[in-house]
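**Q** Chain by chain, the residues run as shown.
Protein chains: 4
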Amino acid sequence: MTIFNGYEQSDREQKLDILNLPSLEEEAKKIIPTGGFGYISGGSEDEWTLHENTSAFNHIQIIPRALTDVDQPSTDTEVFGLKFKTPIMMAPAAAQGLAHSRGEEATAEGLAEVGALMAQSTYSSTSIADTAAAGKGAPQFFQLYMSKDWEFNYSLLDEAVKAGAKGIILTVDATVDGYRESDIINNFQFPIPMANLAKFSEGDGKGKGIMEIYAAAAQKISPADVRRIAEYTKLPVIVKGIESAEDALLAIGAGAKGIYVSNHGGRQLNGGPASIDVLHEVAVAVNHQVPVIFDSGVRRGSHVFKALASGADLVALARPIIYGLALGGAQGVASVINHLNDELKIDMQLAGTKTIEDVKKAKVIRK
Amino acid sequence: MTIFNGYEQSDREQKLDILNLPSLEEEAKKIIPTGGFGYISGGSEDEWTLHENTSAFNHIQIIPRALTDVDQPSTDTEVFGLKFKTPIMMAPAAAQGLAHSRGEEATAEGLAEVGALMAQSTYSSTSIADTAAAGKGAPQFFQLYMSKDWEFNYSLLDEAVKAGAKGIILTVDATVDGYRESDIINNFQFPIPMANLAKFSEGDGKGKGIMEIYAAAAQKISPADVRRIAEYTKLPVIVKGIESAEDALLAIGAGAKGIYVSNHGGRQLNGGPASIDVLHEVAVAVNHQVPVIFDSGVRRGSHVFKALASGADLVALARPIIYGLALGGAQGVASVINHLNDELKIDMQLAGTKTIEDVKKAKVIRK
Amino acid sequence: MTIFNGYEQSDREQKLDILNLPSLEEEAKKIIPTGGFGYISGGSEDEWTLHENTSAFNHIQIIPRALTDVDQPSTDTEVFGLKFKTPIMMAPAAAQGLAHSRGEEATAEGLAEVGALMAQSTYSSTSIADTAAAGKGAPQFFQLYMSKDWEFNYSLLDEAVKAGAKGIILTVDATVDGYRESDIINNFQFPIPMANLAKFSEGDGKGKGIMEIYAAAAQKISPADVRRIAEYTKLPVIVKGIESAEDALLAIGAGAKGIYVSNHGGRQLNGGPASIDVLHEVAVAVNHQVPVIFDSGVRRGSHVFKALASGADLVALARPIIYGLALGGAQGVASVINHLNDELKIDMQLAGTKTIEDVKKAKVIRK
Amino acid sequence: MTIFNGYEQSDREQKLDILNLPSLEEEAKKIIPTGGFGYISGGSEDEWTLHENTSAFNHIQIIPRALTDVDQPSTDTEVFGLKFKTPIMMAPAAAQGLAHSRGEEATAEGLAEVGALMAQSTYSSTSIADTAAAGKGAPQFFQLYMSKDWEFNYSLLDEAVKAGAKGIILTVDATVDGYRESDIINNFQFPIPMANLAKFSEGDGKGKGIMEIYAAAAQKISPADVRRIAEYTKLPVIVKGIESAEDALLAIGAGAKGIYVSNHGGRQLNGGPASIDVLHEVAVAVNHQVPVIFDSGVRRGSHVFKALASGADLVALARPIIYGLALGGAQGVASVINHLNDELKIDMQLAGTKTIEDVKKAKVIRK
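Protein chains in written order, with UniProt numbering: chain A, 1 to 367; chain B, 1 to 367; chain C, 1 to 367; chain D, 1 to 367.
You may find that some hints are simply not true.
[What the hints assert, rightly or not] Looking from chain D toward chain C, a few residues come up when the C-beta cut is under 10 Å (computed): (1) Met1; (2) Ile3; (3) Val284; (4) Arg300; (5) Phe305; (6) Asp342; (7) Glu343; (8) Lys345; (9) Gln349; (10) Lys360; (11) Lys363.
Hints are computed from structural coordinates only; laboratory data are not their basis. For each residue, glycine too, the CB sits at the ideal point set by N, CA and C.
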């Protein structure tokens, strides 16, 4: 264990024997300090949307298929011109130093090992360069919380480009932080500095609450910002936090090269629909003009299948991967992805789908 | 603590550190005597409608919006030609002396401080004049439980006009009291006199149960009564307790200048729909001819948002405010409104709405 | 307490202070012996239909009405040419000696006192003549479980006619007994003789289980039986246990003068719909050709209202009345009816309905 | 008790006094060792589909009927040219030696006694010949888990033909095993050899987990396999594990003489619909071209009725029968079928259906 600034960080490094992803939460809770765990696990207001995110997967039912002449399904896929061993990816979650002393470096390392896409948050505990290096050349995306200060934005984007990022995820659903009661109960303030903020005058985030951190962020994001970032970086910009056809079209019109359907894991606007409940409608609007990434509530191989069958090209999750990080470092992260991918393969076989493209075309029942 | 007639009244006066409104109930229960608490918190019959009032907000889902170029949302609004800092207002609840020794005076003071509308009940613990004075010039409405005795009605209306009331809320859904089991279990009788009843021969309400109090009320209210009150006072009459398009149109036809959609917080007819489930249909019938006030079940900023997006111009609540009154007097009342308004502002920002007018036009999902 | 054949019968006689009907079950359970209580309270198979019978009332919502110029609602009604003080009646439940030493005599006495219709079961503990006498001239119906032995049937019908019965309820949904697990668990056998069976060779029912009792009943009932009974008695025949438009029309075609919608309180076919869920469709088919009686699941004034608004002319219940019988004899029975009728009156007032005819025409929401 | 390879097998032989089938699970759990019980009772992933299988029967409601002139219903039926005393049959469940020392022999004996169809699994504990002999000439089906090794397949089919099997059930929904967490928690490996595997090089299954067993199975099944088996055996081939009209039509096109609608009792693809929820649609597609067998979730007579009324010709179940086997051997198996058939008869009578053909035509409500 590493004690940093009074905060006990896990420094475990081991493969995990995983029964299922939901069971990781209980284990991780034992070793992540209360404030950090509350920040990672919590949602906003009464957490209705947080819980609905997962239970709403039951609104979609996979039809078992047989006699389809399918075996040995493969989860290999190509999206954004990049090849992955799995459609499962890391959602760009902040402050992974809360879970492990190596933070995002270990996450990137574990993901690279299993051929899954890493997305790094602006508010990461390790720097863009260090995280990139840990990924050993595997593709990474950089997620931007747009600041009011464009010098800051340009500086981060410069670093991302320099580090070889393959895409920029622009988060648009967090112009103010959701009302997260667990952080208030725990009076949570980030004990670990945020590497990307360190060189700026506002400080490195250490000792601040999420509300203060977000205060530096832009409270107003418009299509012009999407275009500005795309032109500046020449990288594909994926707009994250889309829950409506309207926003998807605004983003594509502004030059977005990807739509990221998410309600921020139930951490922002509570009282909105489960993210999986809007995915299909958004995907219909996107109409294959650009790839679609989905997150919020994914815990099972069948969830990944249902998201793909509803229009997603990549399916992201964060909390279970962070629990794997706490429990096993880079190897723990790899174990989580492997387990979930194994569940997905079973589902693919039993649904008569041989490739990820087949899954995307699979008929499902929507209730 | 103040002991009045053997009843222990809170006399706290302090700002409250509020996590959320539902959590206030537990705290308030500790300091409000059993009979008073049962009267305030209870509903009728098996309380199905009471509970449905709040859970039915999940039938409506707010769509998170981004890329809408919105920041710094404002809750300022103008209704009935009156300006408020928030669309949240006090529902005209009876007998607030049950919660605090200063009763409605403290409530009015707290609301005035935060720019929210006070509505005072006929059955208030403090008089019309005293409550008005405590409001320091902020607008107030007076709520009338119409008596069989028109002398009594005229006398109260005279007082209200004299005290500067800006509108009369005529309650029409309580011509007999709902079957409230907690009052029966507690054998509840009002321990505190009702100031507005004091000068009349029926007595001041002290030592009576709600059934006896209501017995003096008119059991029959017709459109003609609406017209009579409007003509007598020259004030806008808002008809409260409307749950159908039919009643809304009857009221407007009779000269009502406002429609107040409410099922009395689940305290009257049990087995009817959640109030939020009928709001939209009633608002469509009203068709912007007059403003719409809504109450019943509101506990969250997202509830306020959903009510506004379903046709309300003002959104009222009572129980949580009364709990704030018990726990903190006028400052407690202000704390409750501030907290709820802060939740609302977060929701407005995350739903891409800058003004209350924007919220009213926001697209929501109705299940 | 009376000990009969080793079975402890209540002989209480007192008015009851009733909070609500559901709360009577708990109290009655304390004084009715286990086997008798299981027989009275239980349903068939896993009791899904039993529970659905009550919870399905939430599928219907009463719309509160105001400004309707209504006060002082009256529950007086006239059905089958008979005048009642309430539309609430006794369902023809068997073996009330299980609950009270005076059995159906006390029930009839209590109902007569409050102007409610008594219906006596073939399997009653007291005889047709004795029950009739206890009713002091108030109208009664006699319910027939048709035997395979027509001598027996004619004999009972003769007695009923002689005793002045105003109608014959022919039960058609019990040609075999439902699979009632509580009777099996308790190895229940009737400890009290059934007065109407006493003079027949099969014995008086004492020491038999319900399966044996029903074994003597006809397992096959056809429209011709309805006609036969009507012609023999010259009394209106009401066919009980109808849950479909098809059976209602068959019955009317056969000369039935009333349709009794019931699933036997969830005691017969489990896995069928809640009775309230089919009432409206059946009533539409009946199309006012004959009156409709409804039972199954009624516990609240709002339930009575909803049944009337869905097509019923009379609303029956048994279990809560039997619990009242156990707890207070004839006075207990009267207390139950009075309480339920009081709840109904409140609901009528708050829904803007002045008469039972108004309730029947009230608009409700069906989910 | 028999100790085999350290595993405690029941060797009880007795009639059972059954209250209902769900209650058998609790009793059986006490005498079946943990690993075996987990294997028998468990489902896949989070068992959503397992539980939905049973609760979804509430989506269908049987309409009680009367005045239909029906009595003495009979459960005799003829399907596949074979006569049975009941439409209830044994689903082809593996490894019944886990429950009883006599395994499938006792099951076959018990079923023969009550005139119900036995279906034996490839992975049975007793051999095809021994199981057939125990059935004393009653019809049996043999279920094939198709191996990659056709020599193996032919050998088993030869044995089945020789033993007089009346049909071959080809399971197509298990080309990989579902993700069953209880087996993983228990680290379950089959302690009892599988008789039909004993002569092959892969071993007899003893000491292997289900994943290893399934590894020898074909992961790819196509319509051509159906045809190949039909041609080789000249027996009717029933394709098991169909949950869609598409697969049903593929199977019939390939020469299937029966469609077996099943989701493998919730043990294979989790996140799919309850089997009863797709039965009607599949049966409509089958359009009486071939008989339909149904399983998954059946526990009650009313479930059997609902499945028949939704298109099934035979209704199978396994877990409750295996619990009966553990608790009472062959007599226990017979007791389970008898009890369930008795519940069915009551339901038939109360729904006005005299024959199984009547049940198939009965009108039900689908929600």
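**Q** Where does the structure disagree with the numbered hints, that is, which hint numbers, in rising order?
**A** 1, 2, 3 and 10
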